[in-house]
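Participant: Sequence:
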Amino acid sequence: MNILVKTDRILPSLVVLALLLTSTMGCIQSIVCKPRIRRENIVVYEVSASIDQCPTVIEENSPIVLRYKTPYFRASAGIVMPPVPRNETWTVGWIQACTQMEFYNTYGDIGMSSWELPELREGRVKAISDSDGVSYPWYGNTTETVTLVGPTYKPSRLTVSMNDNFYPSVTWAVPISNSNTPMLTHITRDQSFITWLVALNAVTKERIVLQTIRWRMRVDITVDPSMPLGSRASLVGRPHQEQPHILNNPEPIPPNALGRPNANDAQVLMWRPRRGAPLVVIPPK
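Residues -26 to -1, 1 to 259, numbered by mature numbering (1 follows the signal peptide of the UniProt record, and there is no 0), are exactly what the sequence shown covers, in order.
Derived by calculation from the structure, the hints in this document are not laboratory data.
Hints are supplied without guarantee of correctness; some may be wrong.
Unchecked claim - Computed list of lysine to aspartate or glutamate pairs in EDC-like fashion (alpha-carbon distance at most 20 Å, straight line):
#	residue 1	residue 2
1	Lys259	Glu93
2	Lys43	Asp106
3	Lys43	Glu76
4	Lys179	Glu62
5	Lys100	Asp239
6	Lys179	Glu14
7	Lys43	Asp138
8	Lys128	Glu14
9	Lys43	Glu216
10	Lys259	Glu96
11	Lys43	Glu33
12	Lys259	Asp239
13	Lys43	Asp164
14	Lys100	Asp164
15	Lys179	Glu225
16	Lys128	Glu62
17	Lys100	Glu76
18	Lys259	Asp106
19	Lys100	Glu225
20	Lys43	Asp194
21	Lys43	Asp26
Quick caveat, the model's predicted, so the values are computed rather than measured.
Put together the whole structure using the sequences plus the hints.
Facilitator: This is the structure we're talking about:
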């Protein structure tokens, strides 16, 4: 009787022990065979973000267009990635999106041309990709990204960097006119961006946001079209840009920041006269 009682107690204990050992061995085997790359295993150091402390440069070399070149936004980061498992590929780099754009070229009391992102302007999306148009979702594929193909057996030390600026052309004459008479009187541009440092699993598409940067570029140029070429335009307002903000907490990436179209392909050039209906001058690509 006593033996039967002891057996009844021992058997369930052995079953539980076997299950625990199986479960534990399964966990150990899983960890040994395929370790997971997680945010806590990735080290980010020496993150920097800045805009060059120099004013926008105005170029009046052409009788057709005015050009201006803004200072550069620059971002850089050092990353230590843990060993990458077999059959996995991870890319670390910069993803950027435009979150707000106002870009007006005023032609006296005739009207203004305006580069616009319709979906952003109308509030249908929160951001639009600022990729180079080839390397989606990445901003570029030279210094902007580093790719690790598993298996790697020790931590990898990486550096990724990027830069961005504006260098557009604005016609002296009204863009829908056949006349070459200079009529441009003002250029206003105010554009905001979010830049993310991201680790991306190429197989599973898992994304780990490592760092988030917000920055803004503003341009304010007044023009006197009656003056001779070379002395028409001048900067007004603050000569230097506000410096970028490196956020303490990473922000999620909106879906539209990851794929087509990018901002260059999505933008539309509108002509908005003082009187009459707006006109599309250059449609989106």
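Participant: All the hints need checking, so say for each whether the structure fits it.
Facilitator: Verification of the hints:
For a cut-off of 20 Å, the pair hint linking lysine 259 to glutamate 93 stands: about 14 Å separates their Cα positions. Restraint check: the Cα-Cα separation between lysine 43 and aspartate 106 comes to about 19 Å, which is no more than 20 Å; the hinted pair holds. As the CA atoms of lysine 43 and glutamate 76 are separated by approximately 17 Å, the hinted pair is consistent with the 20 Å bound. Restraint check for lysine 179 and glutamate 62: the C-alpha separation of about 11 Å stays at or below 20 Å, so the hint holds.
Proposed proximity of lysine 100 and aspartate 239 is supported: the alpha carbons are some 17 Å apart, at most 20 Å. Between lysine 179 and glutamate 14 the alpha-carbon distance is near 18 Å, which keeps this suggested pair within the 20 Å criterion. For a cut-off of 20 Å, the pair hint linking lysine 43 to aspartate 138 stands: about 11 Å separates their Cα positions. For a cut-off of 20 Å, the pair hint linking lysine 128 to glutamate 14 stands: about 16 Å separates their Cα positions.
Between the alpha carbons of lysine 43 and glutamate 216 the distance comes to roughly 16 Å, so the proposed pair stays at or under 20 Å and holds. Only pairs whose Cα atoms come within 20 Å are accepted, and lysine 259 paired with glutamate 96 is accepted, the gap being roughly 19 Å. As the CA atoms of lysine 43 and glutamate 33 are separated by approximately 8 Å, the hinted pair is consistent with the 20 Å bound. A C-alpha spacing of about 5 Å is found between lysine 259 and aspartate 239, which places the hinted pair at or below 20 Å, so the restraint holds.
About 14 Å separates the Cα atoms of lysine 43 and aspartate 164, which keeps this hinted pair within 20 Å; it holds. Restraint check for lysine 100 and aspartate 164: satisfied, since their Cα atoms lie roughly 16 Å apart, inside the 20 Å limit. Our distance criterion of 20 Å between C-alpha atoms is met by lysine 179 and glutamate 225, whose separation comes to about 18 Å. A distance of roughly 15 Å separates the Cα atoms of lysine 128 and glutamate 62; the hinted pair therefore holds under the 20 Å criterion.
A distance of roughly 15 Å separates the Cα atoms of lysine 100 and glutamate 76; the hinted pair therefore holds under the 20 Å criterion. Of the pairs offered as hints, the one joining lysine 259 and aspartate 106 holds, with about 14 Å between alpha carbons and a cut-off of 20 Å not exceeded. Taking the CA atoms of lysine 100 and glutamate 225, the gap is near 13 Å; set against the 20 Å cutoff, the hint holds. Restraint check for lysine 43 and aspartate 194: satisfied, since their Cα atoms lie roughly 12 Å apart, inside the 20 Å limit.
Taking the CA atoms of lysine 43 and aspartate 26, the gap is about 12 Å. The hint holds against a cut of 20 Å.
In the structure shown, no violation is registered for any of the earlier numbered hints.
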